[in-house]
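Novice: Hey, can you piece these two chains together into the complex? The hints should help.
Chain by chain, the residues run as shown.
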Amino acid sequence: MSFSDNLLRGLTIPDALTDEGTVSSQVFQFKEEHSRDDGWIEQSINWEENDDVLSFTLDQIKDDGSFQFKMGIVRLERKEIDKLNARPTIKNKNLLSYEKQPLPDNCYHGNILLKSSVSKPTKRMIAANLAAAVSKIIIREQ
Amino acid sequence: MNFSYMQETDSKIVFPVLDKTIHPSLWVDSSSATEGASLKKEYLQIPSENNIINRAWQNLNTSNNKEVINEARKLLNEIQNLITIFKYYDFDICALPKLNSFFDEDGSFLIEWIFSNFRIGFNIESKIVDSSWYIVSDSKLGDINAYGLLSSGQNEKLLTWIINFILSNA
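Residue numbers (the working numbering), protein chains in the order written: chain E, 4 to 145; chain R, 960 to 1129.
For reference, chain R alone in the conformation it holds in the complex (with noise of 0.2 angstroms):
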C-alpha cells in the first residue's frame, strides 16, 4: 500500500494519507505509464543541499562491517527519501542540520541528530536486532527521554513521527 503525505498549515504536521487522494498534478495517466499512479521516491533526485545524509553516508565508508553499513545505508536512505519526498511536495521543512556519526568502538554506529534543546539518535549496533532510536531534550521540552527499536527498513512511521517531532519543535 502506497502513502502520499499531507502537511497542516497552522501545526506543520506532516501525516501520511493513501494515494492517488492529494495533488492530482502528480498523477500520471496509467494508460501510459509503465510505472502506475503512484509517485515514485526512488526516481526524485536529492538536491545536493540538502542531503543531510552525506556526512553520515561517508563516514561509512571507513568501515568494514558490511553488515553494519548496509543496515546504516538502509536507514539513511529511509531518512533521506522522506525529507526529498516533503521537499517535493513543498511542505514547510525548517532547515534541517546534517546528521553527525561515529563508529563506537564496538563496532557500532552511532548517528545523532543534534538541535539546539534536543537531539535524536539512531544506533545501528554490531547485533543488527539491537538496533534502536532515542529522542532526549533539556527541561524546555519536558526533558524527554524516549527510546525505541528499529526495524531493518522499515521505519517510515517511525521516521514521519520523529520529523513530526522536528518540526514542531526545531
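Just chain E, with the same shape it has in the complex (with noise of 0.2 angstroms):
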C-alpha cells in the first residue's frame, strides 16, 4: 500500500496554537478513548493525496453544522514518522505507525497509530515529537 508523502490533522481546540504561534503538543495527545482491540491507539487525519485534500479538510462539517476543525490545520510530512520509529528509543519496538481508513464521507482519512501498551512518559514524548515535526500549520481565516 502506497502512503501520500504528507498527512493533515485538524485542529479543534483553542489552546491547539500557542501565543507564538507553535504548535502544541495537545493536538498529537493519544486518548485512551481511541483504544483498538487490535492494541493500536488511532488518532485521525487526512492524507494529502491530492491538491483538494486541503480545502476538503479545512471545509469538513459537524454534525450540527459548524466547521469541524475550527481553528485550521496543520501538516505533517509522513517521513518525520518513519524518523521517530527509527530513533534509538523507539526502534525495533514499532511503536508508531499510520493506516489509511477510508469513510463514506472521507476517502482521505486514515490514522496515526501508536501501540496502547507504551508508558505514559513515552506517549506524551512522542507527542510532543509529532508537534514539533509539524511542516506547516494553516490557520483559518475567522
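Derived from the structure by calculation, the hints contain no laboratory data.
Among the clues, some could well be false.
[What the hints assert, rightly or not] A few chain E residues that face chain R, going by a derived Cβ cut-off under 10 angstroms, partial list only:
#1 Glu23
#2 Ala89
#3 Ala134
Glycine residues also receive a C-beta, built at the ideal position from the N, C-alpha and C atoms.
Specialist: As C-alpha cells, this is what we get:
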C-alpha cells in the first residue's frame, strides 16, 4: 500500500497553537478512549493525496453544521513518523504506525497509530515529537 | 546542604557549588544574621518581566484537581527559583520564552517550553508518580529523545541540567 508524503491533522481545541504561533503537543496527544482491540490507539488524520484535500479538510462539517476544525489544520510529513520510529528509544519496538481508513464521507481519512502498551512518559514524548515536526500551519480565517 | 551556582564564561554552563565558596559580597555577617550565611532564594523578588511561569501558573486556576495543582505549583516554583537565582548572580541567561501549558482530558497538566530546534516538557499526571519530563529536538541537534520521571519538589539538579541544555542550544 502506498501512502502520500503528507498528512493533515485538524485543530479543534482553542489552545492548539501557542501565543507564539507554535503547535502545542496537545494536538497530538493519544487518547485512551481511542484504543482499539488490535492493540493500537488511533489518531485521525487525512492523507493529502491531491491538491483538493486541504480545502476538503478545512470544509469538513460536524453534525451541528459547524466546522469540524475551527482553528485550522497542520501538515506533517509522513517521513517524520518514519524517522521517529527509527530513533534509538523507539527502534525495533514499532511503537508508531499509520494506516488508511476511508470513511463513507471521507475517502482521505486515515490514522496515526501508537501501541497502546506504551508508557505514559513515552506517549507524551511522542506527541511532542509530532508537534515539533509539523511542517506547516494553516489557520482558518475567521 | 545549600548550593550556590557558578557559570563558565565561554560555555555558559551553570553548575552548583557549595555555599560560601563564591560571591563573598553576598555573605551575611553570621553574628547579626537570623538566618545564617546562605543566600535565601525564597526572599528574592521575581522580576515581573522575567516571570516565565506566570502564564502556566494562571492556567492552573482552571482546574479543581488539588493534587495536580500542588505538584505543578511546586515544579513551577522550582523552575522560577532557579531562573531568579541565575539572574541575581548576573549569569548570562538568554531571553527565555514563557512556559506554555494545558490540561489534558485525563486531568493531567502538561507544561511545554518551546524553542526553535527543541522543546522541553513537564507532565504532571493525575497519578503523580507517573509525572515525567522530556527533551525532544530536531535533526540539527541530533534528533534527541530523552525523558525521565519527575521527583516531587526535588528537581533542582534535573532543572539545572535542563537549563544548561537550553543555554547551550537556544
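Novice: Are the hints correct? Go through all of them and say.
Specialist: Outcome of the hint check:
no.: 1; hint: Glu23; in the structure: 7 angstroms, holds
no.: 2; hint: Ala89; in the structure: 9 angstroms, holds
no.: 3; hint: Ala134; in the structure: 8 angstroms, holds
Violation of the numbered hints given earlier is absent; every hint is satisfied by the structure.
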